[in-house]
Structures are given as C-alpha cells and as structure tokens.
Amino acid sequence: MNTPSVGRQPHGRGHSEGHGRDLAALLAQVACGDHAAFEAVYDRLAGPVFGVARKVLRDPAQSEEVAQEVLLEVWRSASRFDPARGSAAAWVMTIAHRRAVDRVRAENAATAREQKAAPDIGASEDVFELVDLALDRQRIRRCMGSLSSLQAEAIKLAYYGGYSYPEVAGLLGLPLGTVKTRIRDGLIRMRDCMEVSQ
Amino acid sequence: MSVQSHDLHLLTGVYAVDALTGGELDEFEKHLEQCPTCAEEVRELRETAARLGLATAIAPPPSMREQVLDATSRVRQLPPSGVRVITADGSRRRRRLIRRLPRPIAVTAMAAAIVALAVLQVGTRHQLQQAQTKNQTIASVLAASDARIELGSSTVGGTVTAVVSPHDREAVITAAGMPTPSGARVYQLWVISPAGYRSLGLLPGSSAGAIAPVLADDVQPGDQLAVTIEPAGGTRQPTTIPIVEIRARP
Numbered sequence: 001m002n003t004p005s006v007g008r009q010p011h012g013r014g015h016s017e018g019h020g021r022d023l024a025a026l027l028a029q030v031a032c033g034d035h036a037a038f039e040a041v042y043d044r045l046a047g048p049v050f051g052v053a054r055k056v057l058r059d060p061a062q063s064e065e066v067a068q069e070v071l072l073e074v075w076r077s078a079s080r081f082d083p084a085r086g087s088a089a090a091w092v093m094t095i096a097h098r099r100a101v102d103r104v105r106a107e108n109a110a111t112a113r114e115q116k117a118a119p120d121i122g123a124s125e126d127v128f129e130l131v132d133l134a135l136d137r138q139r140i141r142r143c144m145g146s147l148s149s150l151q152a153e154a155i156k157l158a159y160y161g162g163y164s165y166p167e168v169a170g171l172l173g174l175p176l177g178t179v180k181t182r183i184r185d186g187l188i189r190m191r192d193c194m195e196v197s198q
Numbered sequence: 001m002s003v004q005s006h007d008l009h010l011l012t013g014v015y016a017v018d019a020l021t022g023g024e025l026d027e028f029e030k031h032l033e034q035c036p037t038c039a040e041e042v043r044e045l046r047e048t049a050a051r052l053g054l055a056t057a058i059a060p061p062p063s064m065r066e067q068v069l070d071a072t073s074r075v076r077q078l079p080p081s082g083v084r085v086i087t088a089d090g091s092r093r094r095r096r097l098i099r100r101l102p103r104p105i106a107v108t109a110m111a112a113a114i115v116a117l118a119v120l121q122v123g124t125r126h127q128l129q130q131a132q133t134k135n136q137t138i139a140s141v142l143a144a145s146d147a148r149i150e151l152g153s154s155t156v157g158g159t160v161t162a163v164v165s166p167h168d169r170e171a172v173i174t175a176a177g178m179p180t181p182s183g184a185r186v187y188q189l190w191v192i193s194p195a196g197y198r199s200l201g202l203l204p205g206s207s208a209g210a211i212a213p214v215l216a217d218d219v220q221p222g223d224q225l226a227v228t229i230e231p232a233g234g235t236r237q238p239t240t241i242p243i244v245e246i247r248a249r250p
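Taken in order, these protein sequences are the chains called A and B. According to the numbering used here, numbering within the first sequence proceeds without interruption in unit steps and concludes at 198. According to the numbering used here, numbering within the second sequence proceeds without interruption in unit steps and concludes at 250.
Treat the hints with caution; some may be incorrect.
Quick look at which bits of chain A chain B covers, simulated, 3 or more residues with Cβ under 8 Å [as the list claims (entries may be wrong)]:
id, region
1, 74 to 82
2, 94 to 107
3, 153 to 162
4, 178 to 190
Negatives, chain A to chain B, calculated, CB over 12 Å [unchecked claim]:
id, residue
5, ALA25
6, SER149
7, GLY173
No wet-lab data here; the hints were simulated from the structure. C-beta atoms are modelled at their ideal positions from N, C-alpha and C, and glycine is treated no differently.
Using the sequences and the hints given, assemble the complete structure.
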C-alpha cells in the first residue's frame, strides 16, 4: 500500500519536526481508512502509548488494555485530529495519558488510594532509567534537570503518577497554590529548554 | 466557588498534565473558551507533557499489535465532521462530562469505549462470530437516533453506564471502576418495571473493574436498571439493596 511517508523514517535523533509532519500525514491517511498507514502509526506510537499507561497504571495487563483502547481510539477518531491545534504525537499522547489517568482514578475511587500512594514517590525516579527507545530522552532528562527539585517532583507525581494536584500537594506537604504554580512554572521551563535545544 | 480569572490562568499547567479535577476542571474549561492566551499556553504545555510521555516508551507485548490491527476492521471510524468533538487542548473527553455534551457526541464517545471493550473481550475465533453478532446489536443501539446515556454511581465505587434506546426498547450497559465483590459473590443486573423484577444476568467481571457491555432487551421507558450483589450464580430476585439504579427515561 502507498504510504510514502513511512519509508522516510528519520534516522537518529533530532528529526522530531520531520517526524511530526510524517505522523500528521499518516493520521490523515488513517482518517480515510488506510490500514497500512495505521500500522505505521501503531509502530511509531504503540511504545509511547503503552509506556505512559505502564507508568501511570503499573499493572501490565491493565496497561495493555488501556493501550489497546487508546490505539483503537486513534483509528476511530483520526478524522478529528486537527494539525492546526497541535502535533500528532501530542494528540495521541494526550488521549493516552487521559485514559490512563481516568482508569487509575476510577480504580482508586474503589480501593484506598492513600495506601498505595506512599511507596510510589521514590519510584518515579526510575522512568528515565527504563527508557531506551525514546526520541529525545536525553534532552528531556537534561531539561528536567534544569528544574528546581520541587518543580520536577510535582510534575513527575502529576504526570507519571497520575495524581491530581491536590493529591500532589498532600504527598509533598505543600499548599495547593504552590503546587499549581510549580507545575506551571516547571512545564514552561521545560518547554523553553526543549525549544532551545531543538 | 468562584475564582478570579488571574488564578484560573495559573491552572494551565495542572490542566496540561491532567491533574485538574472536579468543579475546578469544569470552571477552567469554561474559561478556556474565552481565553485564547490560556488556550495557547495549554496547547504548548500539552506538547511539553507529551514529550514526557514519549520518553516512557517501552515495547508493548508483541501480541498486542495483531490484536489492535485486527480490531480496526471491526471499529467504525468517525467521519470528518463539522461537529467539534475535540476541544482546544486536543482531545479531552471525560466520562463525567458526557452528560453535558450534546447527545450525538456523547453517544459516539461512549460507542468508542464500548466497542473497544467488546473487541477486547474477544479471545478465540469461535467467540469472535458470537461477539460480532452481539457487537452489531450493540452498535445499533448506540447508533439509534434516540439513544441516550444514563450514568449511575455505585455505592461500592465505580460507575455504571447505560445507553438506552427507548424506541428499540434496548439498552447497553457497561461498568467501570467497580471493585471485585468479596467472597464468592457476583454483580447481577436487573430490569425493574411495574411488572416486577427481571434478571439480565450477571455482570461479567474483568480486571480493573471494567465490565464488558451487556445487552438488555425489552427495556421500557420508565424502567429501572439496577445492580445488586448476589451469591455466586445469581438469584431469581434481588436479595440485597441495589448498589446502583438507573432509570430509562422516556
């Protein structure tokens, strides 16, 4: 099948822009029911989708379930992806993170969340050790290193831990307002750091 | 609990990492519609958050690939649409928002979740055909022009969702986040009408409290759908107080 963009896989790192364009083009083809294009999207994003589900949910079976749902959702609603509103990777990762967080929160509404929470704090460190396949792992690690430890910790608990910001405040023993601004400031600094090193 | 718009603007970060919940989330999303600066910042911070997600990449189980690719042939794609399902930030859809959304959007959103569940429960080729027939019926309920979504929170945690078509007298019921009943007990689903109780069978359990869709026929407008906890195998009539009741509105 004709998916010219698949053949032009970027080599090495630092091609994230071209990479993004290809994904957007592939999604446009997926929206037209192109199965080969969807396979290419799967091969690019199944790893990150599964990875973020694993990160948030921990349980492999549940993570796989969520990853499957997310990837089928990408197939189903590819026509709703609008490149003007952001990159294709961000669109997919937003769906993936939201699903994983929804799942973990639904679960924890039923089981006492606090009991599970405590041991997870230190464990959020391991994320960067786990990753080999990430496109810009190094850059992210470096940019994460440029944050204050409070900013980094709050972002990790929220994004990788799937905790709401009042929960993050509880875990870190900080006022709500502080967590709110630390997460925002930290993300802005990450954003600027990654733009500069693009 | 009204917050100043300056304070609302500070929520872009926690919103971008899905750490905003409840009333504050609703308030912020309303604010986003009128605040292009906030929407732009959310967009950018979403991109940043996505990078954090991309960095977690690990290889999924090899079997997942075939399962997902296979399932695409059974999942109908959304047409390109003038209807804005995707909001400024990307693709937020949350269960608790569904009630507020215009109906066709809500139903397609639910359809995605339900079809995905239906697909995932399929194990063998033999089961596949049965499941496909069932999925077709489920799909027809979900696609019914009068289909509406009813949500109920269970007293033991989790949510039961029913998509009801008053015209077809059919309903599709799913649940999420319900704990596994203790001991050898099960969840049993009922239709309660003026005529009495009718069992719709047991809710099939699965990991994470997600429950594969159950198709209910002969559901009249005004009937209640209810779930009770019963001894293994189920009972002829409810022996406990329902943990959730949902009324099929006319």
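Hint check results:
Residue count for the region 74 to 82 of chain A with a Cβ under 8 Å from a Cβ of chain B: 8. That meets the three needed, and the coverage hint holds. Given as covered by chain B, the region 94 to 107 of chain A passes the check, having 11 residues with a CB less than 8 Å from a CB of that chain where 3 are the minimum. With 5 residues carrying a beta carbon less than 8 Å from a beta carbon of chain B, the region 153 to 162 of chain A meets the three-residue requirement, and the given coverage holds. Residues of the region 178 to 190 of chain A with a Cβ under 8 Å from some Cβ of chain B number 10, which satisfies the need for three, so the listed coverage holds.
The claim that ALA25 (chain A) is not at the interface with chain B holds, since no C-beta of that chain comes within 12 Å of its own (minimum 16 Å). In this structure SER149 (chain A) is separated from chain B by more than 12 Å, as the shortest Cβ-Cβ distance comes to about 17 Å. The beta carbon of GLY173 (chain A) is kept farther than 12 Å from every beta carbon of chain B, the shortest such distance being approximately 17 Å.
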